[in-house]
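Undergrad: For reference, the chains in residue letters:
2 protein chains.
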Amino acid sequence: MGSSILHVHSSQHTYPIIIEPGCRKRTFAFIDQYITRKPTKYLIITDDNVAPLYLEDVVHSFPSSETVETYVVPSGEQSKSFKQYEETVTAALKYRLDRRSLIIALGGGVVGDLAGFVAASYMRGIPFIQIPTTLLAHDSSVGGKVGINHSLGKNMVGAFHQPSLVLYDPEALLSLPEREWRSGFAEVIKHGFIADKDLLEWLVTHVTSFQEWDMDILSEMLYRSIQVKANIVQEDEKEQGVRAFLNFGHTLGHAIEAEAGYGAITHGEAVAIGIVYALRLSEKCFEVNLQSAPYLEKLKSLGYQLDIPKQLSADGLLERMSVDKKAYNQVIRFVLLKAIGKPVVQGMSGTVLLDELKREVK
Amino acid sequence: MGSSILHVHSSQHTYPIIIEPGCRKRTFAFIDQYITRKPTKYLIITDDNVAPLYLEDVVHSFPSSETVETYVVPSGEQSKSFKQYEETVTAALKYRLDRRSLIIALGGGVVGDLAGFVAASYMRGIPFIQIPTTLLAHDSSVGGKVGINHSLGKNMVGAFHQPSLVLYDPEALLSLPEREWRSGFAEVIKHGFIADKDLLEWLVTHVTSFQEWDMDILSEMLYRSIQVKANIVQEDEKEQGVRAFLNFGHTLGHAIEAEAGYGAITHGEAVAIGIVYALRLSEKCFEVNLQSAPYLEKLKSLGYQLDIPKQLSADGLLERMSVDKKAYNQVIRFVLLKAIGKPVVQGMSGTVLLDELKREVK
Numbered sequence: 001m002g003s004s005i006l007h008v009h010s011s012q013h014t015y016p017i018i019i020e021p022g023c024r025k026r027t028f029a030f031i032d033q034y035i036t037r038k039p040t041k042y043l044i045i046t047d048d049n050v051a052p053l054y055l056e057d058v059v060h061s062f063p064s065s066e067t068v069e070t071y072v073v074p075s076g077e078q079s080k081s082f083k084q085y086e087e088t089v090t091a092a093l094k095y096r097l098d099r100r101s102l103i104i105a106l107g108g109g110v111v112g113d114l115a116g117f118v119a120a121s122y123m124r125g126i127p128f129i130q131i132p133t134t135l136l137a138h139d140s141s142v143g144g145k146v147g148i149n150h151s152l153g154k155n156m157v158g159a160f161h162q163p164s165l166v167l168y169d170p171e172a173l174l175s176l177p178e179r180e181w182r183s184g185f186a187e188v189i190k191h192g193f194i195a196d197k198d199l200l201e202w203l204v205t206h207v208t209s210f211q212e213w214d215m216d217i218l219s220e221m222l223y224r225s226i227q228v229k230a231n232i233v234q235e236d237e238k239e240q241g242v243r244a245f246l247n248f249g250h251t252l253g254h255a256i257e258a259e260a261g262y263g264a265i266t267h268g269e270a271v272a273i274g275i276v277y278a279l280r281l282s283e284k285c286f287e288v289n290l291q292s293a294p295y296l297e298k299l300k301s302l303g304y305q306l307d308i309p310k311q312l313s314a315d316g317l318l319e320r321m322s323v324d325k326k327a328y329n330q331v332i333r334f335v336l337l338k339a340i341g342k343p344v345v346q347g348m349s350g351t352v353l354l355d356e357l358k359r360e361v362k
Numbered sequence: 001m002g003s004s005i006l007h008v009h010s011s012q013h014t015y016p017i018i019i020e021p022g023c024r025k026r027t028f029a030f031i032d033q034y035i036t037r038k039p040t041k042y043l044i045i046t047d048d049n050v051a052p053l054y055l056e057d058v059v060h061s062f063p064s065s066e067t068v069e070t071y072v073v074p075s076g077e078q079s080k081s082f083k084q085y086e087e088t089v090t091a092a093l094k095y096r097l098d099r100r101s102l103i104i105a106l107g108g109g110v111v112g113d114l115a116g117f118v119a120a121s122y123m124r125g126i127p128f129i130q131i132p133t134t135l136l137a138h139d140s141s142v143g144g145k146v147g148i149n150h151s152l153g154k155n156m157v158g159a160f161h162q163p164s165l166v167l168y169d170p171e172a173l174l175s176l177p178e179r180e181w182r183s184g185f186a187e188v189i190k191h192g193f194i195a196d197k198d199l200l201e202w203l204v205t206h207v208t209s210f211q212e213w214d215m216d217i218l219s220e221m222l223y224r225s226i227q228v229k230a231n232i233v234q235e236d237e238k239e240q241g242v243r244a245f246l247n248f249g250h251t252l253g254h255a256i257e258a259e260a261g262y263g264a265i266t267h268g269e270a271v272a273i274g275i276v277y278a279l280r281l282s283e284k285c286f287e288v289n290l291q292s293a294p295y296l297e298k299l300k301s302l303g304y305q306l307d308i309p310k311q312l313s314a315d316g317l318l319e320r321m322s323v324d325k326k327a328y329n330q331v332i333r334f335v336l337l338k339a340i341g342k343p344v345v346q347g348m349s350g351t352v353l354l355d356e357l358k359r360e361v362k
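Residue numbers (the UniProt record's numbering), protein chains in the order written: chain A, 1 to 362; chain B, 1 to 362.
Some hints could be false.
Since the list gives no way to pick out one identical chain from another, each pair is judged satisfied if it fits inside one copy or across any two copies.
DMTMM-like mimics (lysine to aspartate or glutamate), calculated; alpha carbons at most 20 Å apart, straight line [what the hints assert, rightly or not]:
no., residue 1, residue 2
1, Lys-284, Asp-307
2, Lys-41, Glu-319
3, Lys-94, Glu-319
4, Lys-298, Glu-178
5, Lys-300, Glu-66
6, Lys-94, Asp-315
7, Lys-197, Glu-283
8, Lys-284, Glu-360
9, Lys-338, Glu-283
10, Lys-41, Glu-66
11, Lys-342, Glu-283
12, Lys-338, Glu-201
It is worth saying that the hints were derived from the structure and are not from the lab. Source: prediction; values computed, not measured.
Turn these sequences into a full structure, and let the hints guide you.
TA: So this is what it looks like as structure tokens:
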């Protein structure tokens with residue numbers, strides 16, 4: 001099975017994304033090859049789900065001459081808290097990380113976001129690398145968005161801090177439960193909708209189940225999806241323009257996650273519902289037929305529930321959407337599609353959004 | 001009395017520093033003139049010392065059509081805590097600041113550092129301006145270093161986030177207690193030592209007391225001292241090189257502050273002691289005579305205590321210095337002078353530092 005590599009250009013530096021089965025076991029070799037300034041020591045931050053599975057593989061890739069510390073946080077969205085952030089900084093200080101030390105985020109999006117924000121802010125910023133172990137993290141590990149949650153909103157505190165290297169080992173995904181696949185696959189579908197109709201068609205043909213994967217198909221899917229993300233973030237690192245397109249499906253998605261209580265519904269499950277909502281708004285707004293039925297059928301066949309959960313209220317969701325980071329001057333900014341692959345950002349009034357929500361929930 | 005202006009170039013943008021008596025009362029006019037993208041709303045963050053003195057002046061500068069919120073934190077170093085950071089973010093969310101809102105830091109270094117770090121991380125970064133009200137803040141308000149403290153070290157968490165404007169009103173300094181003048185003046189002296197011998201001479205002649213100030217002398221001192229700082233930070237925004245020179249006197253200074261307990265001794269009082277220590281190390285290390293006696297005499301005549309407080313221990317101070325942000329690979333990096341205006345960064349062994357400390361404390 002092959003190895004593929006993508007390079008992402010950022011204002012801070014250019015960094016490689018390696019997609020290669022088994023690469024977690026050669027972590028040190030990749031660091032040695034790609035990171036120019038040799039780190040003084042390493043802190044691997046991971047969670048208690050991932051630690052028993054892959055932590056040893058990563059640690060054992062280092063020669064005994066290197067100082068490698070580890071810090072394990074509880075798995076789950078609740079670790080993206082101010083409290084866990086402070087505790088992780090405390091660990092970094094106790095291990096005496098200095099400005100030339102390297103943080104290694106080994107895990108899914110939560111670990112990457114938390115460890116990345118610690119790296120972004122520790123001594124005003126030290127380097128870090130990402131070793132994603134979920135499908136969802138193929139998205140979050142690229143582009144440098146890091147941060148933590150606040151009870152009033154997801155990712156409300158954070159930074160743009162680019163990793164120095166992303167090591168993606170598709171083998172690590174094989175241990176994922178089905179729900180985690182669904183959480184990540186929504187972002188793959190999203191990348192298709194906003195930038196690559198061929199990817200959508202390819203997914204319909206090649207992805208038939210989350211239970212069995214051909215390693216080449218999986219690697220190709222990761223490569224194609226990451227390529228969409230990488231192209232966008234390197235064009236617009238700090239979300240002044242096109243990067244906002246990545247928010248397709250996320251304005252309502254984030255609101256659903258927050259309103260249901262973080263963790264009750266996965267990010268991707270919420271985003272899938274948000275995508276359907278955004279598609280419907282797009283068709284209404286631009287009077288087009290996006291012919292998205294085959295893609296939505298694929299989502300359903302993969303076990304997605306595409307309706308807004310009945311226990312949520314339309315007013316509550318609208319309120320959540322109005323504190324979205326992309327909102328300003330009280331106008332909610334929605335990513336809509338004029339066609340598949342042709343996204344636009346559209347200011348939407350609360351009334352229109354509410355009407356559309358009320359077709360589904362009270 | 002005149003107005004002077006300096007422009008600082010950063011990778012993010014160029015920002016003006018206005019030094020003008022009374023300018024706090026024209027805050028909105030300056031924002032309107034210098035900030036290109038009109039903010040959606042304003043959050044003034046200040047402390048309970050400054051609020052009764054100047055908050056109204058700033059608020060009243062805004063027309064009633066603008067939304068101006070205020071948030072007052074307790075004065076003192078203890079507000080640079082994780083807890084106060086989280087509470088300030090909560091306030092920003094409750095006031096519904098969006099990515100185009102402007103944070104105004106009205107106060108000394110604590111307010112600037114805290115408010116600046118909130119601005120740096122809120123929704124991954126929103127603009128902020130500084131309105132310094134202390135002499136010490138003439139230093140901290142320029143250059144974009146923002147952050148909070150950890151019990152294991154000062155400013156251990158933070159960011160480089162450049163202000164969009166610095167409004168310096170020398171009138172606001174006239175209410176400062178003598179101890180605050182001493183805290184800030186140490187940075188002025190430091191700027192002379194590392195970059196501008198003429199400034200040192202000028203200070204010896206023109207600054208005779210902290211109790212009475214000629215507004216022109218005060219404005220000129222601010223201008224000259226800020227100019228040194230601005231030149232350095234625009235050459236090296238992220239402390240990869242020459243910016244480290246600004247740390248002259250600070251390695252021991254920070255250690256003294258932390259070891260004595262934050263707030264027990266002011267930043268500048270500690271830095272003054274650190275400067276004397278660094279001068280002595282410099283003379284020893286480079287076998288030079290820096291002829292700094294007249295400047296140290298000036299410091300003494302202005303009420304500085306230049307010995308290391310007897311209750312502190314040499315080992316404790318050394319331990320603190322070894323977690324300094326500029327340390328790496330266990331080597332403590334000290335800024336020394338080969339001559340006045342000729343700083344260098346020198347790796348120092350613990351033994352040499354300890355010997356020198358033990359001339360003063362156990």
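Undergrad: Now tell me, hint by hint, if it's right for this structure.
TA: Now the hints, each set against the structure:
With identical chains, the CA atoms of Lys-284 and Asp-307 are at most 20 Å apart within one copy only, with a shortest distance of 18 Å there and 75 Å across copies. With identical chains, the CA atoms of Lys-41 and Glu-319 are at most 20 Å apart between copies only, with a shortest distance of 19 Å across copies and 45 Å within one. For the identical chains of this complex, Lys-94 and Glu-319 are inter-copy neighbours only, at 13 Å across copies versus 41 Å inside a copy, given an alpha-carbon limit of 20 Å. With identical chains, the CA atoms of Lys-298 and Glu-178 are at most 20 Å apart within one copy only, with a shortest distance of 15 Å there and 73 Å across copies.
Taking the closest pair of Cα atoms, Lys-300 and Glu-66 never come within 20 Å of each other, the shortest separation being 48 Å inside a single copy and 48 Å across copies. For a Cα distance limit of 20 Å, the shortest separation of Lys-94 from Asp-315 across copies, 18 Å, qualifies, whereas the shortest one inside one copy, 46 Å, does not. For a Cα distance limit of 20 Å, the shortest separation of Lys-197 from Glu-283 inside one copy, 17 Å, qualifies, whereas the shortest one across copies, 70 Å, does not. In the homo-oligomer, the alpha carbons of Lys-284 and Glu-360 lie at most 20 Å apart inside one protomer (16 Å), although the nearest pairing across protomers, at 78 Å, exceeds that limit.
Proximity of Lys-338 and Glu-283 under a CA criterion of 20 Å is satisfied intra-copy only: 8 Å inside one chain copy versus 71 Å between copies. Proximity of Lys-41 and Glu-66 under a CA criterion of 20 Å is satisfied intra-copy only: 7 Å inside one chain copy versus 50 Å between copies. When the C-alpha separation of Lys-342 and Glu-283 is checked against a cutoff of 20 Å, the pair qualifies only within one copy, where the shortest distance is 13 Å, while the shortest distance between copies is 67 Å. Taking the shortest alpha-carbon separations for Lys-338 and Glu-201, only the intra-copy value of 18 Å comes in at or below 20 Å, while the best inter-copy value is 68 Å.
When held up to the earlier numbered hints, the structure conflicts with hint 5 and nothing else.
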